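Spelled out from the first residue to the last, the chains are:
Protein chains: 2
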Amino acid sequence: MGELKHLVLVKFKEVVVEDILKEMEKLASEIDLVKSFEWGQDSGSDEMLKQGFTHVFLMTFRNAEDFTAFLSHPTHAAFSATFAEAIEKIVVFDFQAVSVKSPT
Amino acid sequence: MGELKHLVLVKFKEVVVEDILKEMEKLASEIDLVKSFEWGQDSGSDEMLKQGFTHVFLMTFRNAEDFTAFLSHPTHAAFSATFAEAIEKIVVFDFQAVSVKSPT
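Order-wise, the sequence lines are chains A and B. Under our numbering, residues 39 to 142 are what the first sequence spells out, in order. Under our numbering, residues 39 to 142 are what the second sequence spells out, in order.
Derived from the structure by calculation, the hints contain no laboratory data. The model shown is predicted, which means the values in this text are computed figures rather than measured ones. Treat the hints loosely; a few may be bogus.
Treat identical chains as interchangeable: a pair holds within one or across any two.
List time: in silico SDA-like cross-link candidates among lysine to any residue, alpha-carbon distance up to 25 Å [stated by the list, open to error]: (1) Lys127 to Ala66; (2) Lys88 to Ala115; (3) Lys88 to Asn101; (4) Lys139 to Ser74; (5) Lys88 to Thr106; (6) Lys127 to Asn101; (7) Lys139 to Ala124; (8) Lys73 to Ser83; (9) Lys51 to Arg100.
Produce the complete structure using the sequences and hints provided.
Here it is, written out as structure tokens:
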């Protein structure tokens with residue numbers, strides 16, 4: 039079983055996104071199960087194709103077991119409630135990444 | 039200007055996904071502008087949250103200029119036409135990744 043990636047694509051409501059980001063960075067830093075975490079906001083994507091999404095979050099876990107443990111971690115559960123209230127729409131997609139081309 | 043990531047989330051029609059994947063791997067291998075490329079298929083995401091998406095593709099470019107050049111590359115243009123016919127729905131999200139936690 040390889041690495042598991044947890045992709046979250048959202049459209050935030052009119053909220054203070056910085057506060058949410060700070061909480062999320064804290065979450066990823068504090069929980070050792072999270073191997074790596076990166077995020078980004080839209081950088082001029084095609085308007086029609088991006089479908090209103092504003093931010094993306096990508097967390098990497100060593101394996102599916104670590105990811106499952108993360109989901110039921112009390113800090114994650116508490117954060118999820120705050121997060122749910124801040125978003126207008128969301129897609130969550132979990133996958134095992136197949137690397138075809140890696141930076142040399 | 040940092041790295042630019044090109045995220046494509048799709049739901050494929052009933053097509054031979056392997057053929058599309060082969061073409062996409064070829065595309066990423068042949069075009070030097072693509073710094074890294076990974077993909078994955080759904081690995082048991084929450085049914086409601088994944089919204090029917092089946093595959094994700096993530097390409098990394100050195101910067102926004104390389105990404106723009108990739109978009110107008112003839113090989114990419116030719117592939118896009120094939121790709122468009124194979125998908126039922128799509129979200130494309132381009133972003134500059136902010137790394138909060140990196141693997142040690």
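Hint-by-hint comparison with the structure:
Taking the shortest Cα distances, Lys127 and Ala66 sit within 25 Å of each other inside one copy (22 Å), while across copies they are farther apart (31 Å). Taking the shortest alpha-carbon separations for Lys88 and Ala115, only the inter-copy value of 19 Å comes in at or below 25 Å, while the best intra-copy value is 28 Å. For the homomeric pair Lys88 and Asn101, the shortest alpha-carbon distance between copies (19 Å) is at most 25 Å, but the shortest distance inside one copy (29 Å) is not. In this assembly of identical chains, the alpha carbons of Lys139 and Ser74 lie at most 25 Å apart whether taken from the same copy (19 Å) or from different copies (5 Å).
For the homomeric pair Lys88 and Thr106, the shortest alpha-carbon distance between copies (16 Å) is at most 25 Å, but the shortest distance inside one copy (29 Å) is not. When the C-alpha separation of Lys127 and Asn101 is checked against a cutoff of 25 Å, the pair qualifies neither within a copy, at 27 Å, nor between copies, at 28 Å. For a Cα distance limit of 25 Å, the shortest separation of Lys139 from Ala124 across copies, 23 Å, qualifies, whereas the shortest one inside one copy, 36 Å, does not. In this assembly of identical chains, Lys73 and Ser83 lie within 25 Å of each other by CA distance solely across copies; the values are 19 Å between and 28 Å within a copy.
In the homo-oligomer, the alpha carbons of Lys51 and Arg100 never lie at most 25 Å apart, since the shortest distance is 32 Å inside one protomer and 31 Å across protomers.
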